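**Student:** Protein chains in written order, with this note's numbering: chain D, 1 to 352; chain B, 1001 to 1352; chain Y, 2001 to 2352.
Hints were generated in silico from the structure; no laboratory data involved.
Don't take every hint at face value.
[What the hints assert, rightly or not] Simulated pairs of lysine-lysine, BS3-like, Cα-Cα distance not exceeding 27 Å: (1) B:Lys1093 to Y:Lys2337; (2) Y:Lys2121 to Y:Lys2337; (3) Y:Lys2093 to Y:Lys2121; (4) B:Lys1330 to D:Lys149; (5) Y:Lys2077 to D:Lys330; (6) Y:Lys2149 to D:Lys149; (7) Y:Lys2330 to B:Lys1077; (8) D:Lys77 to D:Lys93; (9) Y:Lys2211 to Y:Lys2290; (10) D:Lys77 to D:Lys41; (11) Y:Lys2149 to B:Lys1149; (12) Y:Lys2121 to Y:Lys2341; (13) D:Lys330 to Y:Lys2093; (14) B:Lys1330 to D:Lys93; (15) B:Lys1337 to D:Lys93; (16) Y:Lys2211 to D:Lys337; (17) B:Lys1093 to Y:Lys2330; (18) B:Lys1330 to B:Lys1149; (19) B:Lys1330 to D:Lys77; (20) D:Lys297 to D:Lys211.
[What the hints assert, rightly or not] To give an idea of the chain B side of the interface with chain D (calculated C-beta under 10 Å), a few residues: (21) Asp1157; (22) Thr1163; (23) Ala1166; (24) Tyr1167; (25) Glu1170; (26) Ala1178; (27) Val1198; (28) Gly1269; (29) Ser1316; (30) Pro1318; (31) Leu1323; (32) Leu1343.
Keep in mind that this is a model prediction, so the values were computed, not measured.
Ideal placement from N, C-alpha and C gives every residue a C-beta, glycine not left out.
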Amino acid sequence: MTTESLLRNHWYAAARIEEVTADAPFARTMLDEPIVLFRSKDGSIAALQDRCPHRKAPLSMGRMVDGEIQCNYHGAKFGGDGVCSLIPSQEGKLISGFAARPYPVTEAHGMIFVWIGEAEKADLDLVPDMGAYGPNAGTGVVGGYMYIKANYLLLVDNLLDLTHIAYLHESTLGATGAEALLAGEMEFEVTGDNIRTVRIVRDQVQTFFAKKTGKFEGQGNLDRFTITNFWAPSYLELQLCNAPSSEHMPKCDVPHHRVHHCITPESDGAVHYYWTMAWYHRPDDADLAKEFHTVTKLAFDEDLPMLEAQQRNIESDPEQSPLVNFEGDKAGVAARKIVTKLLAGENARAAE
Amino acid sequence: MTTESLLRNHWYAAARIEEVTADAPFARTMLDEPIVLFRSKDGSIAALQDRCPHRKAPLSMGRMVDGEIQCNYHGAKFGGDGVCSLIPSQEGKLISGFAARPYPVTEAHGMIFVWIGEAEKADLDLVPDMGAYGPNAGTGVVGGYMYIKANYLLLVDNLLDLTHIAYLHESTLGATGAEALLAGEMEFEVTGDNIRTVRIVRDQVQTFFAKKTGKFEGQGNLDRFTITNFWAPSYLELQLCNAPSSEHMPKCDVPHHRVHHCITPESDGAVHYYWTMAWYHRPDDADLAKEFHTVTKLAFDEDLPMLEAQQRNIESDPEQSPLVNFEGDKAGVAARKIVTKLLAGENARAAE
Amino acid sequence: MTTESLLRNHWYAAARIEEVTADAPFARTMLDEPIVLFRSKDGSIAALQDRCPHRKAPLSMGRMVDGEIQCNYHGAKFGGDGVCSLIPSQEGKLISGFAARPYPVTEAHGMIFVWIGEAEKADLDLVPDMGAYGPNAGTGVVGGYMYIKANYLLLVDNLLDLTHIAYLHESTLGATGAEALLAGEMEFEVTGDNIRTVRIVRDQVQTFFAKKTGKFEGQGNLDRFTITNFWAPSYLELQLCNAPSSEHMPKCDVPHHRVHHCITPESDGAVHYYWTMAWYHRPDDADLAKEFHTVTKLAFDEDLPMLEAQQRNIESDPEQSPLVNFEGDKAGVAARKIVTKLLAGENARAAE
């Protein structure tokens, strides 16, 4: 995607809650907009444009004073709502309307979400549900952050077509063999801006994560349901359901483990990527947590150079020849269609 | 400033005199123009375009031969006036009109100044007066050079509004407390292309430099006059005058110390910055000189990341929202007005 | 050259034969086109566009499997002709017309040549003749590769005007003195897209290479014929012929040594540069080979910063002032004329 592919009227993950404190500002560029996050006086999270309206200094180079952010250049102070509360050199005299632009922001499920587009459209009901990863979900949880210089739709493609595990992740997630990864048909259904795919594979060797928790120790081959949900513009969740093949698993109740993906475009050509993984068997096993974090990070580190190489190859193609789709791309193609539809809607509104 | 803000018909500091010798050429890009400086046969400084007119090799990669500069690619030699005196492969045959473009250049007050614009307008009376920093001024002198990736007007703003010392330089120049730095009204007057501001602060603790020279040892609080002069396009001088508060200093005769600033745009987005500081009490104290150099450099190193962050923040702002001015910006605003007026004049002439 | 100077309907050197194997793909960007090279099933060299037509992954990040290249993202396999032979996730189902773009490619004289332009014009008779450097030529041979961020015509200029050796290579190739390098007239003739120049210098000290082989040991001064051939767009060969001055060498039969240059534009602003040197006296002397490689590399490493500085100086010149030519530039000027003529031809065809 070399033309602008960014949707603005959505919540995007800006940070994990523990990254933003009352002690120091946190900077994050999203959709080309520099944002500074901090915990303000009343305990809520604030998100302001990271350009002091006085002389355009980044507020994130500033300091926290009594729950307000103070610009480190000339000392202007701003509350969580962006309104300036002090101009030190003017002996208490303020300037009417002088404020840093605030953005709608909310915390949920351990993450902080910011709304970059039209503030009046920011609907808390649209915040993605990551309840399954919360502190009271009874799961083990690990997670990570990556910065990837690629358009977010390349990452959506990647996560909606897991057949790549057999090749790109041959030595990590795919080490248990290509057969199980490529077997089975993928079913999918589109409901509004959500896509749900299911791949059912029966009677295959236990994959890495299933073996590691030990839940199916001594039970031989497993059936596996891989359920993937995509919500526009760029949230995904994988649920991996396993059962001994003898049980002929009819549907997925509680998954063996699940992985949530928040993909936040920094720009048309780069993303902030937060992943979170939860599992149900031996949730308190610290060694298991460490191992799950390590192997997942290893695998995603294999994705990174591929995604960035795709991006460079697409950007440098003067012909901008279209992508060709395999059967496994059905879900990715559907996701791009949803994004295209939403983009048309935003552009139509912008043109009004 | 993302649009072109550069004034051409002015003298700009290219180097300190000791940087340019008869032994090796010195390269300096000014106003997007690559310049090579050297001391030529008759002892005067020469400034030529740093592109050999033959095959565009930088002459600054060449060598000095008998006060002429010889291109290191095919050996063409040029005098200080830019005229070619030798083409080795042509056995003495020269080419009529074959010359490197020369620029008006002059040395004064320990600096070398180059005129990039229309040569016939280069008036030596317009060279900034830095006599107070010369070898016979009876002062101690230290100085430095910095390369800053920011538009020159951001540095002009910085130096014309010293209230930033209370915040950005809190641990260095501002360590004696914000109160004295923010107190007092600033008066200013504009005369032609010069701005003069005076801030008078009475009965405050001794600031860093006043304490260090020991001139006012045991004399308690001081009055302080801070006089700043700006000359278009980008020269500034600060004079700091102190006296014991008991004396009710009526005006500034000889300052306690003074700092001169030569700001030379490399391009619209970067500057070469030469600062020079002189003081009158204990001028020969080498330890004091070392300390003054160190603390001034420390402080200016605090300015650098802020100025570069402003520049990035301004360049990346698609809305190019205007700056908002505090009262302390009066002088900076006046300076920008003068620059805008001069730019209009240069552009009108260019359009003739 | 800041405007596009690239000719497409020509063979360009992509690699030395030993760089391309059946074990791993080899990536090379030529004329802005990413290419992957490998030795395919039938033993021939294949050149494909280095963008998997599925999701634009570089095939060069893939692996060789049975003489075919397999994309490392989703496992698509392509033969040497670019046709896809396997899409693993589709259980044997292929897609009609799904192929990576193939390029005409041939191996000759130890090099691999690729034709980027119209495939139907790729004529093997146009492959440059480097037979004198082949394994059966009875010569010693050394060679090297350099990546230079400069337009290819700057390198053509460089090799067609060897007077620069006296200055740029003063401490290496030119160490035997400027006199012999600058002496003599250069004759040249243009035949179609070929330029041949001859410089005859008589009764001069032995140059580096002549001394090193020892062929003329104890024979004093030498006559030297330097014959340079240029073939559009960017092949050159130097033949250096020596004989004792007493023999009054009438013409060059077998040269003392010769150097071939393949200059392949990566883009308008960078080249891949392959040089190959052959000599006839003591061809099997390994120490001599090492020494020749070392000194030639040293000299070409002196060219690199100069060529890149020229390129930067030309790109940054808003006036794009024309080059001025010395007498020694006659051949370079003729080469640029040929290129300009060929460009006009290609552009006329493209506009049809």
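**Student:** Could you grab the alpha-carbon distance between Lys1093 (chain B) and Lys2337 (chain Y) and see if it respects the 27 Å cut-off?
**Tutor:** holds, 25 Å
**Student:** Does Leu1343 (chain B) hold up as a contact with chain D if the rule is Cβ-Cβ below 10 Å?
**Tutor:** violated, 21 Å
**Student:** Would the hint linking Lys330 (chain D) and Lys2093 (chain Y) be met if the CA-CA limit is 27 Å?
**Tutor:** Given that 27 Å is the threshold and the Cα spacing comes to 15 Å, the pair holds.
**Student:** Could you grab the alpha-carbon distance between Lys1330 (chain B) and Lys77 (chain D) and see if it respects the 27 Å cut-off?
**Tutor:** Holds, at roughly 20 Å.
**Student:** Lys1337 (chain B) and Lys93 (chain D): Cα distance at most 27 Å?
**Tutor:** Cα-Cα ~25 Å, so holds.
**Student:** Between the alpha carbons of Lys1330 (chain B) and Lys1149 (chain B), is the straight-line distance 27 Å or under?
**Tutor:** holds, 24 Å
**Student:** Hinted pair, alpha-carbon criterion (27 Å max): Lys2330 (chain Y), Lys1077 (chain B). Please report holds or violated.
**Tutor:** Distance of about 20 Å is within 27 Å: holds.
**Student:** Taken at face value, is the distance from the CA of Lys2330 (chain Y) to the CA of Lys1093 (chain B) at most 27 Å?
**Tutor:** holds, 15 Å
**Student:** Is Lys2121 (chain Y) close enough to Lys2337 (chain Y), meaning Cα to Cα at most 27 Å?
**Tutor:** holds, 22 Å
**Student:** Taking 27 Å as the top limit, are the C-alpha atoms of Lys2121 (chain Y) and Lys2341 (chain Y) close enough?
**Tutor:** The given pair, whose Cα atoms are some 18 Å apart, holds under the 27 Å limit.
**Student:** A closest beta-carbon separation below 10 Å is what the hint needs, so does Ala1166 (chain B) meet it against chain D?
**Tutor:** Ala1166 (chain B) check passes; min Cβ-Cβ to chain D is 6 Å, inside 10 Å.
**Student:** Is the interface hint for Asp1157 (chain B) satisfied, with its Cβ closer than 10 Å to some Cβ of chain D?
**Tutor:** Constraint on Asp1157 (chain B) satisfied, holds at 6 Å.
In this structure, the earlier hints numbered 3, 4, 16, 27, 28, 32 are contradicted, and the remaining ones agree with it.
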